[in-house]
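Based on these hints, arrange chain B on the given structure of chain A.
One-letter residues, chain by chain:
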Amino acid sequence: MASNLEYRKPQKTGQKRRNRETRQAYLFLTPALIIIIIFFVAAIAFALFMSFNKVNMFSQQFRFTGFKNYLNAFSDKVALKALSNTALFSFVVVPLQTLIALVIAYGLSSHAVKFKKTFRLIYFLPTLTSSAALTLIFMFIFNVAGPLNNFFMSIGFYNKPINFLQNPAYSLKVIMVMNIWSTVPTYMTIYLASLVDLPESFYEAAEMDGATSWDKLRYITVPYLRPITTYVLLTGIIGTFQMFDQAFIFSNGSGGPNNSTLTLALMIYNYAFGSLNTMGYACALAILLTIIIFAVSRLAEKINGGNGLQ
Amino acid sequence: MREKSKILKVILYIVLILYAIITFYPFLWALAASFKPLKEIVSGNPNIIPKHATLASYEYIFGASSLFTRWFVNSVIVSTIGTVINIFLNTMAGYALARLDFPGRQRIYYAFLAFMMVPAQILLIPNFLILSKMGLLDTLTSLILPAAINIGNIFMMRQFFLSFPKDIEEAAEVDGLGRFATFFRIVMPLARPSIATQAVFTFMGFWNNFMAPMLYISTPSKYTLTLGLQTFVSQQSGIRWDHSMAASIISILPIIVLYIIFNGYFLQGIRMDGEK
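Taken in sequence, the protein lines are chains A and B. Reminder that position 13 of the first sequence reads as 13 in the numbering used here, one-by-one numbering, no gaps. Reminder that position 207 of the second sequence reads as 207 in the numbering used here, one-by-one numbering, no gaps.
Pulled out of the complex, with its shape left as it was, chain B reads as follows:
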């Protein structure tokens, strides 16, 4: 029995480590390639360690001839503003649905539920035309406005406020605070854990979104990072693996930093997803 459980433990570790290698292997190669000269990459050198390590790829993408820095800044702008707007709108809507009693509440709640199930494909074409009518195509606003709320996050906040202690608000009312002051000064700070979970996933959603920028943005200087990365594939002369790997690595870094700082919120968010 003892022997057997030892063997099982070894098998367990082998499976876990093997899968970790499978997951990590592509990232490791991408990282290595970003420090190699193109010649070395395309020569089919089976060694992962660069023979002539160089920062040339990074110098190129951050250099003057490349729009990469611009795309990075665009991504930061869209993701940050989009996330801040989302936090306020989703939290306010979730709060109203959970805490305030008003006619039409049930109906709005069920309408939101139904809209959550509509796939992106149906919305994409009409939204393109609506944005074009509003004159917003090819602006960073077009990336934020249709995504200014997230119904899933409104639900998450609603669930949170359903179990939020009522006496806190009552105490604030006794102290003479109005509804809005109570919400922005007392309720929102207390909802920080839920808001952080929402913020992390919203930011990641904006940062990694490919479809919206691809559809709505046409001027290269307004590209976001994801769309910029795609230009490496469409080059006529073949893909510059050295540049594209360096660009990919840089595009991943901010999210990894975010993950390391907010580790707990990531797991919590996925967990809530699973229990939806």
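Isolated chain A, as found in the complex:
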């Protein structure tokens, strides 16, 4: 009997302790939970609700329209143009930014290289700079009387300045260059971090077998980095499909000239906050965009064969 009592006692205080810990835990979590409930849970529910309604912001009216918003998206010429712009953008930018980041990281990780800190500071500058400042600087570089036109003309590339900013044939390409240029440093740093962990003995063994630098890159470095590459590809795809700031500033929000810089995110913004009063439709488009991003990401993950999220 006595032993039974003794056994009970700690259990009771244990229970008390657990209650106290639960209370403390929720006190620690409450502020974060409030933000998440308002700006994530409620927001997602609200977006889903609006996507099935015709929303009139002026009269604050919601009219249930079923899947009409979603179906309309498939016959919307503007949406198709934005989709093709964004897909092309992603298709060009993601492989190039990954490749350049990998090459620069491989070079920078070599023991033969000195001044690594200086190189890194310079390479890192675009990551530190806001998209607003970056876009302005790039627009300056590419403007008709700007440094790039002058440079190309001085080396005899062409002799009439090209209007990179206003010519629809060039504008999206300028944003592509700008985007690659500004995202490479982040991915390079990610590669660099995991290259530091690559055991030197792998390279030494390969050298004994007479492997060249190219062989080492091809047969050791690239396979070793595969999981990181999956991560870089996924982040790249998500980033390019959500591209907004650069296109917005470049075109002053219009997606012009001639819809040539209209991305999906910019189009959603225009439908939601433009003069068209089509917020419900914009919500449906945002949800479709999420589905597209998810599908393309899974596809890229399958092709690369690694699991980047683990």
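Hint data in this document are derived by calculation from the structure and do not stem from the laboratory. Careful: at least some of the hints might be erroneous.
[As the list claims (entries may be wrong)] Using 20 Å as the maximum straight-line C-alpha spacing, the simulated SDA-like pairs for lysine to any residue come out as follows:
id: 1; chain 1: A; residue 1: LYS117; chain 2: B; residue 2: VAL257
id: 2; chain 1: A; residue 1: LYS81; chain 2: A; residue 2: LEU71
id: 3; chain 1: A; residue 1: LYS114; chain 2: B; residue 2: SER5
id: 4; chain 1: B; residue 1: LYS51; chain 2: A; residue 2: PHE151
id: 5; chain 1: A; residue 1: LYS173; chain 2: B; residue 2: LYS51
id: 6; chain 1: A; residue 1: LYS117; chain 2: B; residue 2: TYR259
Positioned in the frame of chain A, the structure of chain B alone reads:
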């Protein structure tokens, strides 16, 4: 073999230096342009060194007719307050998820994971309406409140506290400190490296954010720097390259200073990103 490795080394340096030039070239031109009179910029002078160097652009943007100083101050306010709030809320949430045992912990953890994958586009429209209902549109609060936490940083702190030695807290409890006193006086100071990493990226996120101010703020005196920079593009008379380059350079400076001071934390942060 020797010859070959020498050639390879040269090629390596050429690639690295070439890329450094490509990266640096636009910044250098922007810097040069900020000291040139507009006439010289638009005349298509191929020289990067200013012929008639002048501080006129800087005098203009910091002058009385310009709201630039105001935007700068707004950015400092939003970024500083936003970062401090983030540090506390994220660290507290990460600590609870890692260290405290309570019913619902797993469920909350997985819910957070799922929310991390929701793209900004879906949240943007409803959040605009929610903020408008709360009467917060066109206030600096609207830039801070929805971003008062960051789920990615909550995870980072959770990972950190998972490997945080338990005996420190136990010793504090023996000394009679309660849970909250232990957390704020012992645990948080010891978590400084992780908190600094989080702080640096959060500050940069607030400082460089364009979309939120663009959507939520409409009064020019409440603009942040990024939104202010955009006004240089929308001017009817064409872009004033001299002013806009000076403004861009000033907007980058604080982050570069931050990077030079907290260099190590920047690399660590990106590294953790890569391993997420």
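Q. Can you name, in rising order, the numbers of the hints this structure does not satisfy?
A. Checked against the structure, the only hint that fails is number 5, while the rest are satisfied.
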